[in-house]
Amino acid sequence: MTDLFTVSIDTVEGPTLHGRVHLINPDAWQVPNKATFPLALLVDAWFLLTNGFLRDDDRRVPRGDRCPFSVDRGKEIVAGMRRKDEFAELYTYLFGEHLRVDSAGHLLADDGRTLLEPRRKAADVYELSGGSGHDEISRYVVTERNGEAFTRRAAEVVSTYHCGPVHNVPLWSEVAALEDEDDPWTPGESREEMATWHDPADLEFGRVWSLLASRPFEERPYADITVTVTDAALLAHMAAGMRWSTTHTGLV
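In the working numbering, the protein residues as written are -14 to 237.
If you're looking for bench data, these hints aren't it; they were derived computationally from the structure. It is possible that part of the hints are untrue.
Derived DEER-like restraints, expressed as beta-carbon distance ranges [unchecked claim]: (1) GLN15 with GLU74: 26 to 34 Å; (2) THR181 with PHE80: 44 to 52 Å; (3) GLU(-2) with ARG58: 17 to 25 Å; (4) GLY65 with GLU178: 22 to 30 Å; (5) ASP70 with ARG104: 45 to 53 Å; (6) PHE202 with SER55: 19 to 27 Å; (7) GLY132 with HIS83: 44 to 52 Å; (8) THR211 with ASP42: 53 to 61 Å; (9) GLY116 with THR(-4): 51 to 59 Å; (10) ASP12 with ASP42: 43 to 51 Å.
All C-beta atoms in this analysis are idealised placements derived from N, C-alpha and C, irrespective of residue type, glycine included.
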């Protein structure tokens, strides 16, 4: 999936997190304002740390990932979280649960060999998404996502979520000055009139993103976010200096 946002964590103090959401994709030109979005980000960070995927990495130029501790330390942190089991459950709400099955679709234990008793097929017990696969242990099928459950949990654990205005938005006059040989201006686009506008441009306008492509990451649009949760233990895996790109919007 294509990354939609880059998230930077500035401070974590008790149950409150301060950070920034950077706009990096013209298809996601607004920061989601529902409580499900910050909860999805917390789950995303938990998943990345659990699997050793969050580390200093500059392959996503110019918005490289950042982590203030080692991969091993990240795994230790999530393994020691008091509420880690809740994150595993939240993850299944977002993506569905992987169920181990035999070739006939009967449910297996986690070892991928032992049939669960009473013998039942996954399709007879769970609502399946149609997704399936095979890993080094066994075949598996995937349950449907549960957006309602995730939304309920967001309402329960996110006390407040505030998203500020978007900064670093180019002016219309700056957009009008752009020369893009791959997308030349046409006579009907009122470029001359636009050159007199000195208000922030509309991020829905495609030429804005052509202009942003030439700017360093620090000068691209972002919004400050503040998230407070009901229990500081839900932020035990979060730390200042973390940065990663995400496909999450909070919609399930």
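Subject >> Violations among the numbered hints >> reply: When the structure is compared with the hints, numbers 4, 5, 7, 8, 9, 10 turn out to be violated.
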